[in-house]
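Novice: Sequence:
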Amino acid sequence: MPITIQDIAKHAKVSTATVSRVLNNSPKVDPQTRQKVLSIIKKFNYKPNPLARGLIRQKTESIGLFVPPSPYFFSQYYFREIARGISEVLGPTKYELIIKQPKSFDINLGYPSDISLDSYDGLILISPPKDDRLVKQLEILRKKPTVIINFRSSVLNFVDLDNVSEAKKMTEYLINLGHKKILFINGIPTSLNSLDRLEGYKLALLKNNISYNPSIVFYADFDQAKAYDFMKKFLESGESVDAVFCANDLMAIGAICAIKEKGLRVPEDIPVVGFDDIDIAGYFDPPLTTIHQPLFEMGKKAAELLLNQIENGETIKQEYVIFQGELIIRKSCGGNYDKEIYDKKNSDLIVER
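Residue 2 is where the sequence shown starts when you use our numbering, and the numbers rise one by one after that.
Read the hints as simulated data drawn from the structure, not as lab findings. Be a bit skeptical, because a hint or two may be false.
Restraint ranges, calculated between C-beta atoms of paired labels, are given here [what the hints assert, rightly or not]:
{"no.": "1", "residue 1": "Lys137", "residue 2": "Glu97", "range": "25 to 31 Å"}
{"no.": "2", "residue 1": "Ile99", "residue 2": "Asn313", "range": "21 to 27 Å"}
{"no.": "3", "residue 1": "Asp243", "residue 2": "Asn309", "range": "45 to 51 Å"}
{"no.": "4", "residue 1": "Ser88", "residue 2": "Ile281", "range": "38 to 44 Å"}
{"no.": "5", "residue 1": "Val322", "residue 2": "Asn209", "range": "29 to 35 Å"}
{"no.": "6", "residue 1": "Ser88", "residue 2": "Phe324", "range": "17 to 23 Å"}
Note that the structure is predicted; figures quoted are calculated from it, not measured. From the three backbone atoms N, C-alpha and C, an ideal C-beta is built for every residue, glycine too.
Let's have the full structure, built from the sequences with the hints guiding it.
Specialist: Shown next, in the form of structure tokens:
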């Protein structure tokens, strides 16, 4: 059985608090007592647990990265790029990044509010749902340095994309191509990303005097297979649309696969666009028109905000950064696109790849 700090205290005939002060090089320990404790530590080859030492100092030198419980989350480009950005910043520091994926998770309410937070100096949460319980707890306590990615808080630090503007931009682009009946395949109903992208879609329709039709708005949980299944059933129903806008690239790829299996062509028969600009978007057949989301930069900024909060404590006010995306035009949208006219109207919005 491994020796504990209590064992060291017993053999040295001092309190555990004294042993703790010796371990942390406190000047308050008498030199003779310090030497006695160090001798016992050496005798028993005692190696203190770094986390336990951190808790004694109220510092663990650990950052908790909380992610949704989807079994596919870690394989997604979205997570990989955010995590890469976070690691870029935290890598050279003393902090260890600990990834946590809670087993208990309500798709509508998110992370449980009773998660133990004492093991971390700070937290980064990725894409919690609108009414997340843990976020509400953190907002009330205001004691744990926290940054949330793809979420907006009136109290906590956050990093987000302007999803409303980006979805509006994409929908307006399709409308400029002459499409009015645009099928929208959205993500998770309670996700703020989904809610904001739906809002952008609606705003573009409203701006162009096109009635919003809820019968052509569906949810596929940001999942490629679900989008494929939905698109297959939709086509089999005999329904027709001018174009398909998917709230992420994986769903767009699933939709394209279903369209091709039906013997239809993309973009000649049905244009399809996505969102995120994942790594394979430019190599898919056809290459996917999408919104580039600067995920790596968002991860970096989240880590920078968190470190600033940890180091400065309550001396800083809430900080947040809202990123802009880029419309990446590739071959999956087709249509009679008048590039010169569109560029003049949206010269600051468009990037061609």
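Novice: All hints are to be evaluated individually against the structure, with a verdict given for each.
Specialist: Status of the hints after comparison with the structure:
no., hint, result
1, Lys137 to Glu97: 25 to 31 Å, "holds (27 Å)"
2, Ile99 to Asn313: 21 to 27 Å, "holds (22 Å)"
3, Asp243 to Asn309: 45 to 51 Å, "holds (47 Å)"
4, Ser88 to Ile281: 38 to 44 Å, "violated (22 Å)"
5, Val322 to Asn209: 29 to 35 Å, "holds (30 Å)"
6, Ser88 to Phe324: 17 to 23 Å, "holds (19 Å)"
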